[in-house]
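Protein sequence lines, in the order shown, are assigned to chains A and B. If you're matching positions, the first sequence starts at 1 in the numbering used here and goes up one per residue. If you're matching positions, the second sequence starts at 1 in the numbering used here and goes up one per residue.
I should point out that these hints are in silico values taken from the structure, not numbers from a laboratory. Nothing false has been slipped in among the hints.
A few chain B residues facing chain A, derived, Cβ under 8 Å:
no. : residue
1   : F33
2   : Q41
3   : G42
4   : F45
5   : D56
6   : R99
7   : E101
8   : T102
9   : F105
10  : G106
11  : P107
12  : G108
Straight line, CA to CA, 27 Å or less: simulated DSSO-like cross-link-like pairs of lysine-lysine:
no. : chain 1 : residue 1 : chain 2 : residue 2
13  : A       : K42       : B       : K11
14  : B       : K57       : B       : K14
15  : A       : K42       : B       : K78
16  : B       : K11       : B       : K57
17  : B       : K78       : B       : K14
18  : B       : K14       : A       : K42
19  : B       : K78       : B       : K57
20  : B       : K57       : A       : K42
21  : A       : K67       : A       : K56
22  : B       : K78       : B       : K11
Quick reminder that beta carbons are idealized off the backbone N, C-alpha and C, glycines included.
Given next are the chains, with one letter for each unit.
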Amino acid sequence: QKEVEQNSGPLSVPEGAIASLNCTYSDRGSQSFFWYRQYSGKSPELIMFIYSNGDKEDGRFTAQLNKASQYVSLLIRDSQPSDSATYLCAVLSEPNTGNQFYFGTGTSLTVIP
Amino acid sequence: GAGVSQSPRYKVAKRGQDVALRCDPISGHVSLFWYQQALGQGPEFLTYFQNEAQLDKSGLPSDRFFAERPEGSVSTLKIQRTQQEDSAVYLCASSLFLRGETQYFGPGTRLLVL
Numbered sequence: 001q002k003e004v005e006q007n008s009g010p011l012s013v014p015e016g017a018i019a020s021l022n023c024t025y026s027d028r029g030s031q032s033f034f035w036y037r038q039y040s041g042k043s044p045e046l047i048m049f050i051y052s053n054g055d056k057e058d059g060r061f062t063a064q065l066n067k068a069s070q071y072v073s074l075l076i077r078d079s080q081p082s083d084s085a086t087y088l089c090a091v092l093s094e095p096n097t098g099n100q101f102y103f104g105t106g107t108s109l110t111v112i113p
Numbered sequence: 001g002a003g004v005s006q007s008p009r010y011k012v013a014k015r016g017q018d019v020a021l022r023c024d025p026i027s028g029h030v031s032l033f034w035y036q037q038a039l040g041q042g043p044e045f046l047t048y049f050q051n052e053a054q055l056d057k058s059g060l061p062s063d064r065f066f067a068e069r070p071e072g073s074v075s076t077l078k079i080q081r082t083q084q085e086d087s088a089v090y091l092c093a094s095s096l097f098l099r100g101e102t103q104y105f106g107p108g109t110r111l112l113v114l
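Bound conformation, chain B alone (with noise of 0.2 Å):
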């Protein structure tokens, strides 16, 4: 595609229920990104895959995130039991360089958890 598309690109979910949000990266983009971007913050590093690997989920804030990237293209963070300091958008880049260089980022989706 001519980008990263991301969806949905807004979510109101219900304190305690599971999210799955997608991202569909640039094609033949080896690296993607998951950021997750608090109101006033700069972006917060999630999770970084290299094709299907997960090198590193260090950011993940809590066991309830999970991501996955099954055939080295679409990814899809997953939120389980959702809390309210969920809240916030969230966003996935991919890039063309194995070492996450010269990244463009999606839409984002905005997550808002009631």
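Chain A on its own, in the form it takes in the complex (with noise of 0.2 Å):
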């Protein structure tokens, strides 16, 4: 199983509309969590990170993290055609040798002008 799942969609949704981009991890004892938006042939950027329990907005921006279900979300609000991109969720999980950052294999948003 691995550490950090995603659909990979693609997911498609119109100008305007909110996009809904969803992650679930496995490690229950993971504290630290973040979106990043990956642009075609570039690399990741990062967009946000949450670390409580409940919804963090940043602008069109919002995430969601609920502990108790292993589950973290991004939703995009007023979605433009500069949207369309892959969005990859990670966790930080500290085993005791270190930190490691799981990533999951990314979501690719198309937003229709």
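Build the complex from these two chains, which are given one at a time in their own frames, with help from the hints.
Next up, the structure:
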């Protein structure tokens, strides 16, 4: 079982709609959760991070964390064509030997004008 | 510098050749991570440095892979006797924080082993 699971998509939404991206993780002790955006041929860039249960909003983006369900999501409001990219969920795990970031395989999002 | 830089950006190697990939993190960043990203996959953790100390190398796929960061700044990932399955994008990321939160990624090195 992979540490971090994401629906690979592709997910298509019309411009102006809400895009909902989901992620589950297996390590119940994980403390920190991140969403990255990766355009084709480019490196990942951090969108948001969340540490506590509940919602965290930043502009058009809202991250939601439910540690009991081991579930983290990203909502993109008023989706724009420029939001079309692959969205990677990442989880920070801290085994005794150090830190490891586990990434999901990513969800491909297409926003249709 | 303004961001994380990596060199070379592209590398074509013959099977069996040794390669060295360089990462220049953002100045002052204590944490440095190496990842391997295959096409259509998310980045896979390889190794992690806190300053010059390599605290976790459990993600290195074989003993052909070796990483160092001798002065706590620039890091080099070396792959010996490259194999075709080593073909991937190798990403370096750095963070100001000890635990590696808020990582900034470099552009990556695209390695193709023929």
